[in-house]
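Chemist: Here is what each chain is made of, one letter per residue.
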Amino acid sequence: MITLIWLELQKMFKKWRTYIGFIAIGLLTLIVQLALYFTGQKMIDSQLRSFEQSFIVVGNLFNGYFIAHLILGALIIHVPFLIVLVGGDLLAGEATAGTYRMLLTRPASRLQVVTAKFIAGLIYVVVLLVWLAFLSIGVSLIIFGSGPLLSFGGGGIVIIAENDILWRFLGAFAFAVLSMTTVICFAILFSSLVQNAIGPIVSTMALIFILLILSALPVEFLQNLRPYFFTSHMFQWDGFFRDPVDYSDILNSTWILLGHIAGLYLITTYIFIKKDILS
Amino acid sequence: MLNSEQVIEVRGLTKKFGSLTAVNNLDLNVYRGDVFGFLGPNGAGKSTTIRMLLSLIKPTSGEMKIFGKSITKNRKEIFSKIGAIVEKPDFYLYLSAYKNLEILGKLSGTDTSKKKIMDMLELVGLEKRYKSKVKTYSHGMKQRLGLAQALLHDPELIILDEPTTGLDPQGMKEIRDLIIYLSREKGKTIFLSSHILHEVELIATRMIIISKGTTQVEGTVEELLKSEKVVVTFEVDKIEDAMRTVNESKWKGNFKSISKSEINFELTKNEIALLNKYLIEKGILVSAVVPVRSLEDYFLRITEGGAK
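Chains A and B, in that order, are what the protein sequence lines are.
The first sequence: position 214 = 214 (this note's numbering), numbered continuously.
The second sequence: position 111 = 1111 (this note's numbering), numbered continuously.
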């Protein structure tokens, strides 16, 4: 199994489309950091103006953690669209290339093959998010320095002490891995149904768009359905930056996303095992 | 039959795609050491059968055993002993030939040392292009690489679906020679599907002809062709004397047609030698005996629904 996963990763990282996500995140983070480096202080001053009338603000609030939180919030909604480029290709890419015939006439079973692809997909998600974490936290800390984290989420302003921040980022990124794994699982499921990677990429993107739009519409019926949309739970990572952290919400979303991942894996495996390879 | 040990045993194999029956109640027997020719016109069900043998598609009904064991229950053991090319060989185009073989070798659980891979590439004549990405390869080169991946893990059974497609005559001969070498020197069992009937005639020990998904004939190539009448052209020096001699003999019934210096007869393989001897004894100089009908005609007759 380890060999299979290793081979999947080799194939994945030899394709240039795999690096689109890394390049896009690298560029976007750099642009945001540059923009904030030159204009960010003004932005934070204007946001804190009313706040400063009641409180005395000491220390460096415009720091690496603040930038990292800002970047994470801005980019995490776009990361799914980068992830599906790889996920959509995992199975359909083999069908397009005709390599199923080589791959599936080897001793490894289809269950092992599809499991290896899921695990390779998960590893890709982790590596991509570690890259995002490195750029957003690591590079931001180098450029902007350290300090307490000012967070505007949850309908108010929260300031988190410097020694209380890092674990929250760890939790947020771990949750983001879960969210993005759900996305890549959808892409792999769609990828198992077709012979071309374009279909699963577009389908997964369309699914996310549709669910996000439906969630946003102020219609009671749709609002009642909202908790059942996986997209409603994808952004729970920000819960780690509340004070106090509402673990019940995070745990509830975690179970829902884990359920999605397990369900999507089982459905994909069933389809893949039953599939006639006609390509 | 070189050996009585059955390597492939298929009984009542059927595959339906909706209302279309691609393979209908097919039986197959391939024995150890066979070069088994698998013949049939386009759409006869050859590739579907091969895909079922390799578990790429699921049969609607029927039983398949390879090395005496069920494929579904003994997949790992069976597939580690099979090498295959299914239709055209496709590879990871963005990888080099070497990397492709390394990946496929590892999937087969075989030694993927540089020496082993380079030896295999040398065997198929691709050692100088081992670093090139497969997307830069011609169809013939991919076909050779297909053979290399099929042989890399030293399989006991080699399933080849149209292995010489896209090769030039020299390449075709090299592959034919390689198949003969693998069979005779290495004792491999070879299941060869080909539309080039002459190729099967040259290298196969046993064969099956299928049409519309069902078996038409099965047996050794020699047995099947022995009783089959072949049109043979005799080139003779004195055409009129030769015709008179033929008309006065029992060979009159075998006469088909005549041209400037050639007479065509319809004969069995054994009769060719007897007629040749008869003409020489009657003072007719025979300068050439050319069979113009062989497996190809036999194949056409069988698949067009003629007599078995």
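No lab work stands behind these hints: they were computed from the structure.
What you are looking at is a predicted structure, and each value in this text was computed from that prediction instead of being measured.
Cβ atoms here follow ideal geometry from the backbone N, Cα and C, with glycine treated the same way.
Any given hint could be a false lead.
Derived, one-sided and incomplete: chain B residues facing chain A with beta-carbon distance under 10 Å [said to hold, decoys possible]:
#1 Y1181
#2 R1184
#3 G1187
The list that follows gives simulated cross-link-like pairs (lysine-lysine, DSSO-like), each with its CA atoms no further than 27 Å apart [stated by the list, open to error]:
#4 B:K1076 with B:K1135
#5 B:K1076 with A:K274
#6 B:K1069 with A:K14
#7 B:K1069 with A:K15
#8 A:K275 with B:K1106
#9 A:K274 with B:K1069
Computed beta-carbon distance windows for the label pairs [what the hints assert, rightly or not]:
#10 B:V1289 with A:D276: 32 to 40 Å
#11 A:L278 with B:G1012: 20 to 28 Å
#12 B:L1123 with A:Y228: 52 to 60 Å
#13 A:A216 with B:K1131: 35 to 43 Å
#14 B:K1088 with A:R17: 20 to 28 Å
#15 A:I273 with B:R1184: 55 to 63 Å
#16 B:Q1170 with A:T3: 52 to 60 Å
#17 A:I273 with B:K1016: 43 to 51 Å
#18 A:L278 with B:H1139: 17 to 25 Å
#19 A:L278 with B:L1178: 25 to 33 Å
#20 B:L1300 with A:L278: 48 to 56 Å
Chemist: So, for every hint listed, does it hold in this structure?
Modeler: Going through the hints against the structure:
no., hint, in the structure
1, Y1181, "violated, 23 Å"
2, R1184, "violated, 25 Å"
3, G1187, "violated, 22 Å"
4, B:K1076 with B:K1135, "violated, 31 Å"
5, B:K1076 with A:K274, "holds, 18 Å"
6, B:K1069 with A:K14, "violated, 38 Å"
7, B:K1069 with A:K15, "violated, 39 Å"
8, A:K275 with B:K1106, "holds, 24 Å"
9, A:K274 with B:K1069, "holds, 21 Å"
10, B:V1289 with A:D276: 32 to 40 Å, "violated, 50 Å"
11, A:L278 with B:G1012: 20 to 28 Å, "holds, 22 Å"
12, B:L1123 with A:Y228: 52 to 60 Å, "holds, 58 Å"
13, A:A216 with B:K1131: 35 to 43 Å, "violated, 52 Å"
14, B:K1088 with A:R17: 20 to 28 Å, "holds, 24 Å"
15, A:I273 with B:R1184: 55 to 63 Å, "violated, 39 Å"
16, B:Q1170 with A:T3: 52 to 60 Å, "violated, 38 Å"
17, A:I273 with B:K1016: 43 to 51 Å, "violated, 20 Å"
18, A:L278 with B:H1139: 17 to 25 Å, "holds, 21 Å"
19, A:L278 with B:L1178: 25 to 33 Å, "holds, 29 Å"
20, B:L1300 with A:L278: 48 to 56 Å, "violated, 28 Å"
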